[in-house]
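Throw the hints in and build the complete structure from the sequences for me.
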Amino acid sequence: MHAATEQILRVNRLSKSFFGIKALDNIHFDLKKGEVHALMGENGAGKSTFMKILIGLLKADSGSISFNSEQIENLDVHSIMQKCISMIHQEILMVPELTVAQNIFLGREIGRAYLLDDQAINQKAEDLLQSMGLNIKVRTKAKHLSIAEMQLIEIAKAVSHNARVIIMDEPSSALSEKEVEILFKIIRDLKNKGVSIIYISHKMEEIYKIADRITVLRDGKFIATKNTADLDKNSLISLMVGREIEELFSANSLAQPEVVLKVQNLHKKGKFSDINFEVHAGEVLGIAGLMGAGRTEIARAIFGLDRINSGNIILKGKKLTIRSPEDAIREGIGYVSEDRKTLGFIPELSVKQNISLSSILKYSKAWFIDNKKEQTATSKIAQELKIKASGLNQKVMNLSGGNQQKVVIARVLLASPFLIILDEPTRGIDIGAKHEIYKLIRQLTKGGLAVIMISSELPEILGMSNRILVLSKGKQKTILTQKEASQEKIMQYALH
Amino acid sequence: MHYINKLRQYGILIVFSIICLIISFISPQFLTVSNWTIIITQVSINAILAFGVTFVIITGGIDLSLGSIVAVAGVSAAMLAHPDSYPLLVPVFAGLFAGLLIGAFNGFIITKSKIAPFIVTLGTMTIGRGLALILSNGRPVSNLSDSFVFIGSGKILGIPVLIIILIIMFILCSVILNKTILGRYVYAVGGNEQAARASGINVSQVKIAVYSISGLLAGLAGILLTSRITTGQPNAGAGFELDAIAAVVIGGTSTTGGKGSMTGTLIGVLLIGVINNSLDLLNVTSYYQQVVMGIIIIGAVVLDSLNHKSNS
Chain S
2 MHAATEQILR VNRLSKSFFG IKALDNIHFD LKKGEVHALM GENGAGKSTF
52 MKILIGLLKA DSGSISFNSE QIENLDVHSI MQKCISMIHQ EILMVPELTV
102 AQNIFLGREI GRAYLLDDQA INQKAEDLLQ SMGLNIKVRT KAKHLSIAEM
152 QLIEIAKAVS HNARVIIMDE PSSALSEKEV EILFKIIRDL KNKGVSIIYI
202 SHKMEEIYKI ADRITVLRDG KFIATKNTAD LDKNSLISLM VGREIEELFS
252 ANSLAQPEVV LKVQNLHKKG KFSDINFEVH AGEVLGIAGL MGAGRTEIAR
302 AIFGLDRINS GNIILKGKKL TIRSPEDAIR EGIGYVSEDR KTLGFIPELS
352 VKQNISLSSI LKYSKAWFID NKKEQTATSK IAQELKIKAS GLNQKVMNLS
402 GGNQQKVVIA RVLLASPFLI ILDEPTRGID IGAKHEIYKL IRQLTKGGLA
452 VIMISSELPE ILGMSNRILV LSKGKQKTIL TQKEASQEKI MQYALH
Chain Z
-16 MHYINKLRQY GILIVFSIIC LIISFISPQF LTVSNWTIII TQVSINAILA
34 FGVTFVIITG GIDLSLGSIV AVAGVSAAML AHPDSYPLLV PVFAGLFAGL
84 LIGAFNGFII TKSKIAPFIV TLGTMTIGRG LALILSNGRP VSNLSDSFVF
134 IGSGKILGIP VLIIILIIMF ILCSVILNKT ILGRYVYAVG GNEQAARASG
184 INVSQVKIAV YSISGLLAGL AGILLTSRIT TGQPNAGAGF ELDAIAAVVI
234 GGTSTTGGKG SMTGTLIGVL LIGVINNSLD LLNVTSYYQQ VVMGIIIIGA
284 VVLDSLNHKS NS
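Residue numbers (our numbering), protein chains in the order written: chain S, 2 to 497; chain Z, -16 to 295.
You may find that some hints are simply not true.
[To be verified] Once the Cα atoms are required to be at most 20 Å apart in a straight line, the calculated EDC-like pairs of lysine to aspartate or glutamate come out as:
{"id": "1", "chain 1": "S", "residue 1": "K179", "chain 2": "S", "residue 2": "E206"}
{"id": "2", "chain 1": "S", "residue 1": "K342", "chain 2": "Z", "residue 2": "D67"}
{"id": "3", "chain 1": "S", "residue 1": "K84", "chain 2": "S", "residue 2": "E74"}
{"id": "4", "chain 1": "S", "residue 1": "K33", "chain 2": "S", "residue 2": "D190"}
{"id": "5", "chain 1": "S", "residue 1": "K84", "chain 2": "S", "residue 2": "E71"}
{"id": "6", "chain 1": "S", "residue 1": "K210", "chain 2": "S", "residue 2": "E178"}
{"id": "7", "chain 1": "S", "residue 1": "K396", "chain 2": "Z", "residue 2": "E176"}
{"id": "8", "chain 1": "Z", "residue 1": "K97", "chain 2": "S", "residue 2": "D190"}
{"id": "9", "chain 1": "Z", "residue 1": "K95", "chain 2": "S", "residue 2": "E71"}
{"id": "10", "chain 1": "S", "residue 1": "K320", "chain 2": "S", "residue 2": "D307"}
{"id": "11", "chain 1": "Z", "residue 1": "K95", "chain 2": "S", "residue 2": "D328"}
{"id": "12", "chain 1": "S", "residue 1": "K204", "chain 2": "S", "residue 2": "D231"}
{"id": "13", "chain 1": "Z", "residue 1": "K95", "chain 2": "S", "residue 2": "E327"}
{"id": "14", "chain 1": "S", "residue 1": "K342", "chain 2": "S", "residue 2": "E71"}
{"id": "15", "chain 1": "S", "residue 1": "K192", "chain 2": "S", "residue 2": "E207"}
{"id": "16", "chain 1": "S", "residue 1": "K60", "chain 2": "S", "residue 2": "D77"}
{"id": "17", "chain 1": "S", "residue 1": "K342", "chain 2": "S", "residue 2": "E332"}
{"id": "18", "chain 1": "S", "residue 1": "K381", "chain 2": "S", "residue 2": "D371"}
{"id": "19", "chain 1": "Z", "residue 1": "K162", "chain 2": "S", "residue 2": "D371"}
Source of the hints: derived by calculation from the structure; they are not laboratory data.
Predicted, not measured: the structure shown is a model, and the values here were computed from it.
In structure tokens:
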């Protein structure tokens, strides 16, 4: 880590309120040229409000910002900073029918007198991607790209803008290990060119690999800025949550003898084949593997979102034919998707209505919903899961990511399943909510529930699973017990 | 914040009240029982169509075949409603059944083929019109029994039958939308179809149900119209679907689905009725009425999108 000293951005005593509630309260922040500065904090800590101020989407109420040693008048960042700061959003904004090159130069097309010079655009895009070490064809339409590729293209776009500061908001959430390596290589190249990166992520591993310094926000307040080298993980976590977290992963309950799910020779053309495993009552079976290894595809098939070509799914000794999620839920299988927004909840419906959605038949009489029964059942489970909302009637779209995830889990649990499949259950949620979800899983398995947990975070898989099934390219490589398993071993099989 | 949202929710009601207030100052005839009886009778057919299509629009769909269903149902009912032919229930059931059948057909094709509802119902709109012409040989079907005509023009205890049917249908549709599992599923499917499916909802069934309801109510509207004009007209109902959709939209139901209410639709229908009525009272020609109506539709949607923006 080379010690760049020149400051590009300095923020002092920055505050911002919404309707009398302070979202940011006296924030301090400084960014040096060529440094990777991680911004950490739980959801609701004020990270996104702060970033929105920096890119000019919001205006701060008070405080001062200086950019490149120049004081920004009236906190109006539009004039100077906007041109120099680029943000890579969590959600990807690309035009699917345009090519990679056309997307990169969207709004800055090259040509003469309204006629586009496609060749020049393609050439420039190709040079750009090559300089970044990306092997993506510039004539490919954006709709054919994987999410990971799109994310890398977004970064390329920021680079082509000659941005001096690039803000990356959870840039690795959709990337595989290998792609994260490419991302980190790009970040290091950018550093060497003097570009500064503000890196927002919940993934500790990454922060420690890439960040030079870390700033922690909590409840809209500035907590600390430290050199990464001087801050160990536990201290970082306690700075973020404001309290010591006991062991993140407690010991898991023992698997009971009863086999809840048995899967035999599961096969789906082009996705996975020869999948065989059992899940016992009270057990967590982890599924590990790289992106595209077939983890989510297997979960979707068991849950009836996709059809399999052949194989048996046996639940509690009964062979099932599952044609739809409706069938799966009726038989006692629950699924918490990795894609919360698309498959998890109905944004316009309330917390109560979302939680009862999969089991509304239980709370109704002859097609009519029994409001009292519904209210009692949903409020009980909402309390158990510590869902933070202004009330059961609040719309789920207005909750934080962690609470939305809890609503989804509550819905799945209310349908009284024997087996639940958790697909990246802690993706994009803060450390406090993560911890609660881990505790919840323990509690559920103690009660005899069988759990399949898919995760890209190896510490999570290792900490939570009784056994770990490792997939590679749609093939089952091994099943390791928790004792045998280690990060290295899992990666060995996953890369096989 | 909560307060502001509540205010927005009732925005259309406030607009409606203000308009009524202004008109009552300009025209003293406006706030009379007889005038309101006229208004409500006039909007009753559009209201019943709008109630049905509200279900469809909340699921994120659209139904353009309503007007043609009105014609098919009207003609079928009229053909069985000649004096001394069948008991009253026969033509009524025939009309309802015709509507239900076409609605179910819409729902079935939309769910099985995955073609956009706009296209499918555009197709059935043309098919329906053709069927009405085939059934009636292209000629109006007249000579209807007194009991059949009574539905559209009779009174019970001094209240027009049309208004009684309107009230019953409003209550029925509100209950279905707010109190039943189907109603909940309608909002869920419109709010996020994929999540609804992953929550174990049979999305196809819900869609077939809403298009069937929409068709059934259009069938009822066809019977009412035929009874009111005392002939089964194969060309009747053209453009009715757009008036119904306009009322739904003015009532605050989002065309992207997941949001809306029966009460909103009722107010939308009444607002259209009141404006037409008052322009009549003020002797404004019907040409201007159309311009005003168009402006109101766009205004309602602009209001709605402003709500969206300030919410997010």
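Okay, the hints, checked on the actual structure:
1. S:K179 - S:E206: The hint holds at about 14 Å.
2. S:K342 - Z:D67: violated, 61 Å
3. S:K84 - S:E74: Between S:K84 and S:E74 the Cα gap is close to 16 Å, so the pair holds against 20 Å.
4. S:K33 - S:D190: Satisfied, since the Cα-Cα distance of roughly 16 Å is no more than 20 Å.
5. S:K84 - S:E71: At roughly 15 Å apart (the allowed maximum being 20 Å), S:E71 and S:K84 satisfy the hint.
6. S:K210 - S:E178: holds, 13 Å
7. S:K396 - Z:E176: Distance ~17 Å between S:K396 and Z:E176 Cα, so the pair holds.
8. Z:K97 - S:D190: The hint is violated at about 47 Å.
9. Z:K95 - S:E71: Roughly 62 Å between the alpha carbons, so the hint for Z:K95 and S:E71 is violated.
10. S:K320 - S:D307: holds, 18 Å
11. Z:K95 - S:D328: Answer holds: Z:K95 to S:D328 is near 19 Å, not above 20 Å.
12. S:K204 - S:D231: The hint holds at about 18 Å.
13. Z:K95 - S:E327: holds, 18 Å
14. S:K342 - S:E71: Outside the cut-off at roughly 41 Å; violated.
15. S:K192 - S:E207: Answer holds: S:K192 to S:E207 is near 16 Å, not above 20 Å.
16. S:K60 - S:D77: holds, 7 Å
17. S:K342 - S:E332: Judged against 20 Å, a Cα distance of about 25 Å means the pair is violated.
18. S:K381 - S:D371: holds, 16 Å
19. Z:K162 - S:D371: holds, 8 Å
In this structure, the hints that do not hold are numbers 2, 8, 9, 14, 17, in rising order.
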